[in-house]
Amino acid sequence: MAEKSKVAFYWCASCGGCEEAMVDLAEDILQVVEKAEFVLWPVAMDFKREDVENLKDEEILVTFINGAVRTSEQEEMVRLLRKKSKILIAFGACAYTGGVPGLANCYSREEILNFYYKSGDTVFNPEDKKPTPHFIEGNFAFEIPEFYGRVYAVDQVVDVDYYIPGCAPTRKVVKNAIDALFSSQLPQKGSILGASSKSLCNECPLNETKPEKIYVKKFKRVDKTQPEPDKCLLIQGYPCLGPVTRGGCEALCVKANYPCTGCFGPLDDVKDYGAKAVSFLASIIDSNDEKEIEKIIDEGLSNPLAIVYRYSLPKSLIFDTKIKKNGG
Amino acid sequence: MQHKITIDPITRLEGHGKIEIFLDEKGNVERAFLVVPELRGFEIFVKGKPAEDMPIITARICGVCPTAHHMASTKALDDLYKVQPPSPAKKLREMLYNMFMLEDHALHVYILGGPDFIVGPKAKKAERNVLGVIQKVGLEVGKKVISVRREIRELMTLLAGKVIHPAWGVPGGVTRGIKKEEVVNFIKVAEKGVEFALFTLKVFKDIVLSNKEYVDLILSDAYTHRTYYMGLVDENKKLNFYDGKIRVVDPEGKEYALFDVRNYREYIAEHVENWTYIKFPFLKKVGWKGFVDGKDSGIYSVAPLARLNACEGISTPRAQEAYEEFYKTLGGKPVHHTLANHWARVVEMIYAAERFLELAKDPEITSDNIRNIPTETPTVGIGVVEAPRGTLIHHYETDERGYITKANLIVATQNNSARISMSIDKAAKSLIKEGKYDEGILNMVEMAFRAYDPCHACGTHSLPGNIPVLINIRNKNGEIIKTIKNFE
Ligand code: SF4
Ligand code: SF4
Ligand code: SF4
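Sequence order for the protein chains is P and Y. Counted from 1, the first sequence has number 281 at position 281 by the working numbering; the numbering is strictly sequential. Counted from 1, the second sequence has number 340 at position 340 by the working numbering; the numbering is strictly sequential.
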């Protein structure tokens, strides 16, 4: 490449784990720097918003965005970056499907603000103060962004070209994705980069112990049971989501004897990860008796929403809406 | 004419924190504020979730210190299910925790805060970063930092599943132990860790302490606040990151409180302001008196300096030596100088490494006895650890089946929010006089918040580690009349 391509890395409602994943690339990042010039990497680079505004439209070759969209400031930045970038990539589960912060979509803005600033156990607020956008007190005028009523995945705000799954994406996945981007042939728009197109089970060391057909009489919770090591967690009754989750992480959690919670998201052609996971779990229940089935679910999966939509509630069919202008 | 100066180091693009400085007619600082423009609402949306998922969910509060949330949460589950982990499980957890403290502190020392001193507060901004550090201390050292950190993180992955967001802690223990053939590696890396931490102390002494200018800066009034200090201590009141009681000392260093985290609500309350999403914890019985220091104000501090002030010594030998030297040099306990946090952090690195080694060598560490299965009905659970950035409390309540009905979290950086705000205010006031200010103030103001290693998670990603600061000076119509920045 004669001229270096411009690349940006930006975060919205993020925990910083995705950034840490990028840093964990260590010396591999030097290969990126060889081919690319970072025009925006908060903290490390010149990150003035004005500087991005001054770029020509589509002047940035690739922008990676991690974190979900929850505030007015994040929405504005994502829109701006979309305009300035040829390729926009949702990096990590939060950007891809809303992630863990997306679980907040079941609660209203008022419930959240009320707990934080009024009713929380340790709050002491006799003057009934609360964070207020455009707040003026005497001589002091403050600007803080608007806190939206729900969380959005990035493609619910702007058009996204590719996705990198994982919470956080692993070093290998990030490296694969970057290689794919800089290869001469770009993948098809909408593709998942860096991960596998097969399920996690395919790369799980316990797969050998997993039979063709699985029947479960009881779902177990790790609070009061301990998984046996070296035996497929699902056949032990733990709702391991490996069968419906995209591979790529090399079964990190399972290797620590912990059931997969599905952070790599759905396989190709699955629109709603949670719906798929629920129907899978239901299909392995070993009973035809309605009452018994109810009991099995109640005892082991009594809040299935929390289990199957851990990383993707904003993209579930019930919540999948685009951002209204200026939040919701 | 009222001027407003916005220092937007990390906020505008990431939404994690900015500083607003207001000048009066004469151009002196009237007040400077730390503004945090973000909130995610974890306490609310975890409602209805199975309690055992909390260590997985709350790790997502922060990808830089996920181990701290994972562990505080796991300990809250022990309490919730009224079960104590067997001794080997407790040791495994404490070992993982010290590994984490060591790699995280190393990051701050060499890449984030350290460059201010190692390269120098007045060095060229292009050098005041990890590259400058490498130039100053040599490429070998740079490689050492990367390799020690990488090796520790690989072993953490082996043990806890993931290094960013572990999947490991359960009530009464952990899901995976260490095999005999694996422990050899842990010992090897721990030995390297001790050597590395001691080496870091030497670097700090050679470069910082031998330079009078730096020492004067550490001791200067601009970076001094006489507040209360909080930290975990063991049964001998020695420093502990993983477990113990919360000890608070007053500005004179006298014990103000020593309490079980279960009683935290008697001691800690949170003040709210209209201009920021962050809350300001304070000592409830002393009361909120505004952003002022002293014994009558309930503002307290956490993190390395506060922890050393709050304990009565360190249980490992080399760290104890370093601790004694720290207080001897800085004129006795407590030390009120914010910038001394950097040195305190190095002392803590030595402790974390020594403790890591002790535990790796402990014969129990390879035991299979890694879990006590709970049998009691869950009700209320409260857990605490010392995150790198200070005391971290998780509090859950559940129904009898263990589904969350209520959660309350007191997060490390939040504990420091009032003091950080004061530090910024004071630094700004002492540096900006009669409308005169220059680029020099940028780094000085940066230093005022960087010493706390605040978890504007961005900090960790700063390669090269200089936090860019942009100051826009506006007239009262909001027009920018001058811009100063420390990046090109
Ligand atoms: S995807 Fe995971 S690691 Fe990345 S920002 Fe979201 S919570 Fe953090
Ligand atoms: S179900 Fe889980 S444990 Fe079993 S093979 Fe698949 S990923 Fe592995
Ligand atoms: S095992 Fe599952 S939850 Fe764990 S990293 Fe892999 S995909 Fe994510």
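Among these hints, one or two may not hold up.
As the list claims (entries may be wrong) - Derived DSS-like pairs: lysine-lysine, alpha-carbon spacing no greater than 30 Å straight-line: (1) Y/Lys47 - P/Lys217; (2) P/Lys189 - P/Lys56; (3) P/Lys218 - Y/Lys328; (4) Y/Lys192 - P/Lys255; (5) Y/Lys284 - P/Lys118; (6) P/Lys35 - Y/Lys136; (7) P/Lys291 - P/Lys213; (8) Y/Lys192 - P/Lys129; (9) Y/Lys245 - Y/Lys212; (10) Y/Lys192 - P/Lys130; (11) P/Lys118 - P/Lys324; (12) Y/Lys82 - P/Lys130; (13) Y/Lys47 - P/Lys271; (14) Y/Lys205 - Y/Lys237; (15) P/Lys175 - P/Lys86.
Hints were generated in silico from the structure; no laboratory data involved.
Find the hints from earlier in the document that the structure breaks and name them by number, from lowest to highest. 3, 8, 9, 10 and 12
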